[in-house]
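For reference, the chains in residue letters:
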Amino acid sequence: AQSVTQPDIHITVSEGASLELRCNYSYGATPYLFWYVQSPGQGLQLLLKYFSGDTLVQGIKGFEAEFKRSQSSFNLRKPSVHWSDAAEYFCAVTGGYNKLIFGAGTRLAVHP
Amino acid sequence: EAGVAQSPRYKIIEKRQSVAFWCNPISGHATLYWYQQILGQGPKLLIQFQNNGVVDDSQLPKDRFSAERLKGVDSTLKIQPAKLEDSAVYLCASSPNRGGVYNEQFFGPGTRLTVL
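Line by line, the protein sequences give chains A and B. When we follow our numbering, the leftmost residue of the first sequence carries the number 65, and every step to the right adds one. When we follow our numbering, the leftmost residue of the second sequence carries the number 8, and every step to the right adds one.
I should point out that these hints are in silico values taken from the structure, not numbers from a laboratory. Watch out, some of these pointers could steer you wrong.
[Unchecked claim] Listed next, the in silico DSS-like pairs over lysine-lysine satisfying Cα-Cα at most 30 Å (straight line): (1) B:Lys69 to B:Lys90; (2) A:Lys113 to A:Lys125; (3) B:Lys22 to B:Lys69; (4) B:Lys69 to A:Lys163; (5) A:Lys132 to B:Lys18; (6) B:Lys51 to A:Lys163; (7) B:Lys69 to A:Lys125; (8) A:Lys113 to A:Lys163; (9) A:Lys125 to B:Lys85; (10) B:Lys78 to A:Lys163; (11) B:Lys51 to A:Lys113; (12) B:Lys85 to A:Lys163; (13) A:Lys132 to A:Lys113; (14) B:Lys90 to A:Lys163.
Remember, it's a predicted structure, so these values are computed and weren't measured experimentally.
One chain only, chain A, in its complex shape (with noise of 0.2 Å):
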C-alpha cells in the first residue's frame, strides 16, 4: 500500500539559513509527488509537484523538491527561509483516481 513518511515533527530554522524536509514515500510504480504547505487557519496550499522527467522541480515561493527513486525521497529545500515560511508542510501521493495520502507532516518554525 502506498504511504508517505516524514520523518521529522518539527523543525526550527533562522531566518536567512538554509532548509530541508524530509520526505519518503512508499509506492509500487512511478509515483507522483507533491508538497503542500498549511498556514494557521488556512486550507492546503500546493508548493510544487513531480509526475516526470527533470528530478529537480521549482515550485512557488522558492522552494524546490527533488526526487531520488533510488532512496524512495522527495525532499523539500529552500536556501534562505524567511519569516513567513512558518507553516506546517506535507508531503503527498497519489494513490489512484486522484487520491491524495499524506504524511503527517513536518511544523516549520523560523527564529528572527
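Please arrange chain B on chain A, whose structure you already have, making use of the hints.
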C-alpha cells in the same frame, strides 16, 4: 475565481450530538473530496465524489458518517452521533476533470470540530 468555501469554520458539540458541514467547490469542478485531519496527522480522505456519484468511500465510518452531493455541486458531510475521536479539522477539496493522470486539488479553509 472564488475558492472552495466551507462552513461553519468552527463547531463545538458534545458527544452523541449531530453535526453537519457544508462545502461549495470551485465552479465547474466535477470532483469533490472530504478529508479528516486529526491533530498531529496528515489529512485522510473520507470520501470522493465524481459529480454526484461516489468514487471512494472506503475510509468513511459509515455507521456514523454520511455525505451527499446533490446535483453534483455543493456537498454536506454529517456525523451522527459524534464521538470524542471525531475532533478534527474537516477539509473539503475540489478538482476539475480534465483527464490525464492527475487533476490538481484545491482545498478550502476547513471546519474545526471539537467534540466534548
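Are any of the numbered hints broken by this structure? If so, which, sorted upward? 5, 7 and 9
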